[in-house]
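Enquirer: From first to last, the protein sequence lines stand for chains U and E.
Residues in the first sequence are numbered from 0 upward in steps of one, following numbering that gives the first Met the number 0.
Residues in the second sequence are numbered from 0 upward in steps of one, following numbering that gives the first Met the number 0.
Calculated from the structure, these hints are not laboratory results.
Check before you lean on any hint, since a few could be wrong.
Stated by the list, open to error - The following residues of chain E were derived to be distant from chain U, with all beta-carbon distances above 12 Å:
id: 1; residue: Leu15
id: 2; residue: Trp44
id: 3; residue: Gln68
id: 4; residue: Gln152
id: 5; residue: Ala317
Unchecked claim - Going by beta-carbon spacing under 10 Å, a handful of chain U positions derived as facing chain E:
id: 6; residue: Arg72
id: 7; residue: Glu90
id: 8; residue: Ser94
Unchecked claim - Covered by chain U, according to a simulated footprint, are these stretches of chain E (three or more residues, beta-carbon under 8 Å):
id: 9; segment: 237 to 243
id: 10; segment: 280 to 293
Predicted model, so just to flag it, every value in this text is computed and none were measured.
We treat Cβ as the ideally placed atom computed from N, Cα and C, and that holds for glycine.
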Amino acid sequence: MSHLRVDQLGVLVGERLLIDGLDLSIDTGRFVGLVGPNGSGKSTLLKSIYRVLAPLRGVVSLDERDIASFSARAVAREIAVVAQEVPTDLEFTVSEIVMLGRLPHQRSLARPTSIDDHHVDDALDQVDIAHLSDRSWQTLSGGEKQRVLLARALAQQGNIIILDEPTNHLDIRHQLELLTLTKSLGTTTIAALHDLNLAAEFCDEVVVLNNGAIVAHGTPDDVFVDDVITSVFGVTADRVVHPRTGAIRLLFSTLAAPCLTAPAPAPAAPDLEHPLLLRGAPS
Amino acid sequence: MARSTGLLHPRLLPVLVVALSVLILASLVVGVAIGSVRIPVSTVWEVVIAQVTGRDTSVPSNEQQIIWQLRVPRVALAGLVGAGLSVAGVAVQALVRNPIADPYVLGVSSGASVGATMVILFGVFAGLGSLGISAAAFITAMTSMTVVYLIAQRSGRLDPLRLVLSGVVIGYVLSALTSFLVFQADPRAAQQVLFWLLGSFGRARWSILPIPAVALAASVSVLFVRARKLDALASGDDAATTLGVAVGRLRIELFVITAALTAVLVAVSGAIGFVGLVVPHAVRALVGGLHRRVLVVSALLGAFFMIWVDIVARTVAAPQEIPVGIITALVGGPVFIVLMRHRDRRLLR
Numbered sequence: 000m001s002h003l004r005v006d007q008l009g010v011l012v013g014e015r016l017l018i019d020g021l022d023l024s025i026d027t028g029r030f031v032g033l034v035g036p037n038g039s040g041k042s043t044l045l046k047s048i049y050r051v052l053a054p055l056r057g058v059v060s061l062d063e064r065d066i067a068s069f070s071a072r073a074v075a076r077e078i079a080v081v082a083q084e085v086p087t088d089l090e091f092t093v094s095e096i097v098m099l100g101r102l103p104h105q106r107s108l109a110r111p112t113s114i115d116d117h118h119v120d121d122a123l124d125q126v127d128i129a130h131l132s133d134r135s136w137q138t139l140s141g142g143e144k145q146r147v148l149l150a151r152a153l154a155q156q157g158n159i160i161i162l163d164e165p166t167n168h169l170d171i172r173h174q175l176e177l178l179t180l181t182k183s184l185g186t187t188t189i190a191a192l193h194d195l196n197l198a199a200e201f202c203d204e205v206v207v208l209n210n211g212a213i214v215a216h217g218t219p220d221d222v223f224v225d226d227v228i229t230s231v232f233g234v235t236a237d238r239v240v241h242p243r244t245g246a247i248r249l250l251f252s253t254l255a256a257p258c259l260t261a262p263a264p265a266p267a268a269p270d271l272e273h274p275l276l277l278r279g280a281p282s
Numbered sequence: 000m001a002r003s004t005g006l007l008h009p010r011l012l013p014v015l016v017v018a019l020s021v022l023i024l025a026s027l028v029v030g031v032a033i034g035s036v037r038i039p040v041s042t043v044w045e046v047v048i049a050q051v052t053g054r055d056t057s058v059p060s061n062e063q064q065i066i067w068q069l070r071v072p073r074v075a076l077a078g079l080v081g082a083g084l085s086v087a088g089v090a091v092q093a094l095v096r097n098p099i100a101d102p103y104v105l106g107v108s109s110g111a112s113v114g115a116t117m118v119i120l121f122g123v124f125a126g127l128g129s130l131g132i133s134a135a136a137f138i139t140a141m142t143s144m145t146v147v148y149l150i151a152q153r154s155g156r157l158d159p160l161r162l163v164l165s166g167v168v169i170g171y172v173l174s175a176l177t178s179f180l181v182f183q184a185d186p187r188a189a190q191q192v193l194f195w196l197l198g199s200f201g202r203a204r205w206s207i208l209p210i211p212a213v214a215l216a217a218s219v220s221v222l223f224v225r226a227r228k229l230d231a232l233a234s235g236d237d238a239a240t241t242l243g244v245a246v247g248r249l250r251i252e253l254f255v256i257t258a259a260l261t262a263v264l265v266a267v268s269g270a271i272g273f274v275g276l277v278v279p280h281a282v283r284a285l286v287g288g289l290h291r292r293v294l295v296v297s298a299l300l301g302a303f304f305m306i307w308v309d310i311v312a313r314t315v316a317a318p319q320e321i322p323v324g325i326i327t328a329l330v331g332g333p334v335f336i337v338l339m340r341h342r343d344r345r346l347l348r
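Take these sequences, add in the hints, and give me the full structure.
Expert: Next comes the structure, spelled out in structure tokens:
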């Protein structure tokens, strides 16, 4: 149980107030996508939640308790993070790295307990990298590294998982697998995503950020509409429905394109060849 | 038990620790026996046992003097400094998260050399006798580290890159100051300064041993308790924060430990290079990157290595004594290159 709330958050990065007066509430067990163009404040918001950045004003709270009052360890027991930054030259094996996820639960001089071992083995199995457990970090591919970091976050057993653009280094199969896996855990998840179609497919809720403010927050169906996409991302999108999964798919084109041609006629009758294809998004 | 990234299986770690400890004890005895006057190992034992237990011995008193008042403290100091520099190397590499950092990257050796030079050339602190150099070196080393800290910190947080840059820049400035002082002085004094800078255990006496011993013991204990946090810090500041480590505070602790330990070691033995860089690397190649293992094995390997470096320094050009720093670099450089190439090959496989 962890209800996350952000109240009137203001975050100063360098000399710029990247986020100001932001409110957000995330219910337990939801899979929430954070989308927005580069520099919209996704990472800044997430970093203030996992306390790498200290907010200038406002409060981030877990179950009505201000996380600024938590110790670093206590926050780490609640929130597990898979960040963008991937270290390069670690002289650790995969299982040694995943064991670091147990750090917030361990005393400083204690050896790993059987509970720690159990969570590490579980995490390795869940991410399907048990066969890599003795491999050196430096010998892994980008995708394998990302999965190791996810396993470390799982071993942390937090009530909230934050994925800060976790799919950056992954091929399409591992992108889908990572999100499918994370969603199947049922843990509250906040994921910053660049790919709006991944967000549409996996998220219960989508939060659209632009210039450090929330522009829209709701189901993918409510949020991915013409107005929002055009004003925030500067592109137009045609909405279609995935013929098999039923999820929304967005087909992007540059903003200028539709102006060159006459407005498309409204579909008078369902297209018989493509019965699932709907022209234009509701606005 | 799972494997590590090192060459040695973790199951064999206790064997390594015991083997190194035995080798260090043996080297202590051999180190005392070898010198300008060669003394049989049995005599060394007899004197050491006589001194510790208060039993009578037939060994002539001048030989007893050489063994107990000069050689034993010297070999012990070599071991302490070797262990200390290696531990400081582990700490500083974790602090700035940079594998080519050594304890002197924070400007400590150039700071210490200013103080030592002033004593050697101008007789500052002359009243303190042979302790004068150590006292002055310690004071200027700590002063330069404080300046580096003040430059590198931003609202109480230490950024690794700023730390390295500040240390290097302050190091250049203070080296220039030392060079200027030496340039002004007569050549004989200049040679004395150079000899001090390159390191020697010739000034070892029982009276000064407790200082490096306490500094080493305190540093190792504090670092050992924080070993898991150092593991987390290796994966980056943000990652360590999300794993529950208060990174800002940990960095300051690491800085203070490295500064104080290195300043003490340089003050008693000069600025001996390369050990603090090479030993942690060699140890990681052997036992992997987990800091509990790296700390303990680095201390032991550093002690063992330095005792033998000192033996070589005393004997290779006897009766001339070669500065220790020359040998550490001559041996350490090739070892480092071999390790690096070996590691590359292992990773490519």
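Enquirer: Decide, hint by hint, whether the structure agrees.
Expert: Quick rundown of the hints versus the structure:
1. Leu15: E:Leu15 clear of chain U: closest Cβ-Cβ about 17 Å, beyond 12 Å.
2. Trp44: About 37 Å separates E:Trp44 from the closest Cβ of chain U, which puts it past 12 Å; holds.
3. Gln68: holds (39 Å)
4. Gln152: holds (16 Å)
5. Ala317: Given that every Cβ of chain U is farther than 12 Å from that of E:Ala317, nearest at about 40 Å, it holds.
6. Arg72: holds (4 Å)
7. Glu90: Constraint on U:Glu90 satisfied, holds at 3 Å.
8. Ser94: holds (5 Å)
9. 237 to 243: holds (count 6)
10. 280 to 293: holds (count 4)
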